[in-house]
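Asks: Generate the whole structure from the sequences, applying the supplied hints.
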Amino acid sequence: MITIAHLYYDLLNLYGESGNVKALKMALESIGVDVTVKLLTTDDELDFTEYDFVYLGMGTEENQMLALNHLLSYKEQIKTAIEHGTFFLATGNAMELFGKYMIDQTGKKIETLQIFPYTTKLETFRMVDEVLAKTELTSSPILGFQNQFGVIKDSNKPIFTMIRGIGSYPNSKTEGYMEHHFFGTYFIGPILIRNPELLEYFCREICKEKKIKTRKKLKLELEKKAHDHFMEHYYKEEKATN
Amino acid sequence: MRKTITIIIGKIFVLVGKLLHRGSSLPGGIALKLYPNLMHEFKMPEIVIAVTGSSGKGSITSMIAEICKKDGYQVAHNSKGSNLSAGITTLLLEHSTLNGSIKSDIVIAEVDERYCKYVFPCIKPNYVVISNITRDQPPRQGHFDLVYQEIKKALTSDMHLIISGDDPMLQKFVLEKENPVTYYGIDKNRYSYIVSKFKNLNFTYCPICHTKLIYDYYHFEEIGDYHCPNCHFKRPKIDITCTDIDYDNKTITIQNDKKTHIPYQLLYCVYNTLAAYTATKLIGIKEDVILSTTSEIAGNTKNFSVYQYQGRNVHVLNNKNENSSTFNQSILYVDRMKGEKTIVIGWKEISRRYAFDDLSWLYDIDFEILAKHDINQVICVGLHCYDIATRVKYANIDEKKIKTFDSLEEAVPYIKEKNKGDIFAILNFDYVIPFHELMNGSEKK
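Chains as they are written, first to last, in the numbering used here: chain A, 1 to 242; chain B, 243 to 687.
Please keep in mind that the hints were generated in silico from the structure rather than gathered at the bench.
Computed from a prediction, not measured in an experiment: that's the story for all the values here.
Ideal Cβ placement from N, Cα and C applies to all residues, glycine included.
One should not assume that every hint holds.
To be verified - Not close to chain B: a few residues of chain A, all C-beta gaps over 10 Å, as computed:
(1) M1
(2) K38
(3) S73
(4) K79
(5) E83
(6) Q114
(7) L122
(8) K134
(9) S140
(10) S172
(11) R215
Said to hold, decoys possible - Distance condition first, Cα-Cα at most 30 Å in a straight line; then the derived DSS-like pairs of lysine-lysine:
(12) K414(B) with K109(A)
(13) K224(A) with K645(B)
(14) K454(B) with K394(B)
(15) K253(B) with K345(B)
(16) K642(B) with K224(A)
(17) K395(B) with K108(A)
Replies: Dropping the structure here:
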């Protein structure tokens with residue numbers, strides 16, 4: 001039995017992020033694992049000892065602050081959960097909440113969870129681009145999209161090497177932050193669906209961590225076709241060199 | 243002097259543009275290059291109505307213009323939809339004297355939501371219709387809150403707002419500004435529902451105290467009758483109410499006894515008509531003039547049509563990629579229909595505007611609603627057919643029912659022969675006409 005907490009599902013839901021939770025649930029269930037998804041928000045009490053996988057997505061700047069204010073009272077719990085191996089996936093600006101601090105568009109410093117060493121500065125301009133990146137977690141390149149005000153500095157444990165896209169900041173070579181089972185990335189939207197190998201990676205790691213044995217294999221044919229088709233159409237050259 | 247010369251040059255380009263049937267933003271664009279401050283120099287007529295928002299602004303503006311013309315006004319209206327600074331300048335050039343006085347009685351301007359801040363200080367609208375702020379082109383707009391901020395920058399306290407009271411987000415304008423406001427809205431009716439159908443909503447918390455809003459009923463997404471359980475925030479008293487909708491006969495009733503036709507059986511038509519009704523009533527046009535005009539607004543098959551093909555109804559619904567709300571409206575339409583269905587979803591390209599393609603918005607559309615229906619097949623068409631198919635799979639539709647085709651040319655013969663039930667084609671605008679041509683269906687209604 002796996003419990004997925006989809007935190008602030010109604011506030012941090014800007015760019016189709018619910019797709020990531022759908023993907024995890026459907027994939028784990030297809031290999032015979034029972035999954036409970038808890039939709040939690042600012043009027044709920046959180047208990048991080050109950051969750052195996054915590055997901056947070058992207059929100060407007062205002063909603064991001066509502067989520068942060070609620071999350072701050074669970075700072076120690078979250079830290080302990082991460083150290084004990086609970087999976088966290090924070091996409092879009094949810095990633096910013098786990099860093100050292102944020103500087104908002106007026107220059108004001110905002111206290112965040114201070115779990116990881118990276119810092120965020122919100123620019124006054126929006127950075128938007130398609131993503132093509134590499135990671136050790138998968139053999140195929142990662143497809144995604146970035147659409148953000150935030151730039152992250154001092155992320156010393158990145159997940160991705162950028163081939164195309166903004167990365168942690170304009171012209172940076174890397175993106176994301178990973179430590180224990182925490183994964184933070186600015187890649188928005190349903191990255192686990194667009195990158196079926198990443199979904200396979202998470203399912204494999206969750207089963208390993210929870211000592212779940214299953215003989216069933218994930219069936220992600222449509223997802224793989226979508227990925228291949230996109231690669232074929234948009235990144236023929238990159239595909240040839242991989 | 244510089245003003246007059248620029249106006250003369252601008253007018254020449256307007257004339258040349260008309261002769262060549264060219265776009266309507268060019269003359270204004272050239273004039274603004276010659277004289278960047280030109281837009282400030284026009285002398286506006288007594289009534290200026292601006293219409294902005296994510297969607298519906300073109301239809302609302304046209305309806306208002308038609309009603310005003312019917313009532314005998316001389317109307318200046320950017321009917322070709324050029325709604326940025328250059329397009330508005332062209333409109334003013336077309337209708338001005340050489341010293342910059344607008345000759346028409348009334349200016350009715352559709353204005354892009356991100357250009358209000360440049361256009362409003364010049365045209366100084368006395369009435370501003372804000373149709374809605376939805377998820378629309380995230381790569382261009384960022385998100386809906388930024389669009390809200392952009393429109394807010396353009397509003398001054400003398401502008402009379404015309405907005406839907408059913409949309410809690412639009413009330414933020416009233417909370418933060420002290421403008422005069424007139425609300426339109428739809429009462430509970432046979433199509434409203436109690437339990438929210440849509441999951442990825444923009445605005446579910448009270449803007450004053452951040453408590454989750456409670457709904458007595460919904461019309462669509464977060465549109466409906468809401469109140470905050472913790473403070474005084476609630477759906478306001480509606481000034482112009484649609485008291486009944488009858489999609490079967492394509493009519494709506496306003497204020498209990500005033501009936502008018504709507505061009506399609508879709509919710510946005512009701513809101514667009516209400517917005518136009520409210521605006522024109524506010525400037526003093528008589529109800530019978532308004533209603534007889536709105537009743538005559540003809541539908542366009544580019545937006546919506548129903549045919550028959552070998553005993554099957556074919557419903558063709560126009561949508562805008564990167565705008566999940568347009569797709570959700572189509573899904574709400576499909577949700578009203580009974581019986582076995584074949585769904586067609588597709589487009590040629592995601593966006594004509596960019597060198598990159600975002601797919602995240604596909605997951606903001608509640609295709610899950612379709613899973614409750616008797617679905618024969620879902621036909622996914624175009625370059626992104628596998629991305630669409632994957633999305634549909636995660637909506638809990640059996641993978642065996644999902645078919646993929648690279649093009650409409652391959653998909654349509656299959657749709658005609660290999661599946662059953664009424665056909666609902668939920669298409670981006672770039673596939674609507676090609677689909678009509680390939681189906682070769684005859685108009686039913």
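Asks: Each hint: holds or not?
Replies: Right, here's what the structure says about each hint:
no. : hint                 : verdict
1   : M1                   : holds (21 Å)
2   : K38                  : holds (15 Å)
3   : S73                  : holds (15 Å)
4   : K79                  : holds (26 Å)
5   : E83                  : holds (31 Å)
6   : Q114                 : holds (24 Å)
7   : L122                 : holds (12 Å)
8   : K134                 : holds (18 Å)
9   : S140                 : holds (15 Å)
10  : S172                 : holds (18 Å)
11  : R215                 : holds (21 Å)
12  : K414(B) with K109(A) : holds (26 Å)
13  : K224(A) with K645(B) : holds (15 Å)
14  : K454(B) with K394(B) : holds (24 Å)
15  : K253(B) with K345(B) : holds (14 Å)
16  : K642(B) with K224(A) : holds (16 Å)
17  : K395(B) with K108(A) : holds (22 Å)
The structure shown violates none of the earlier numbered hints.
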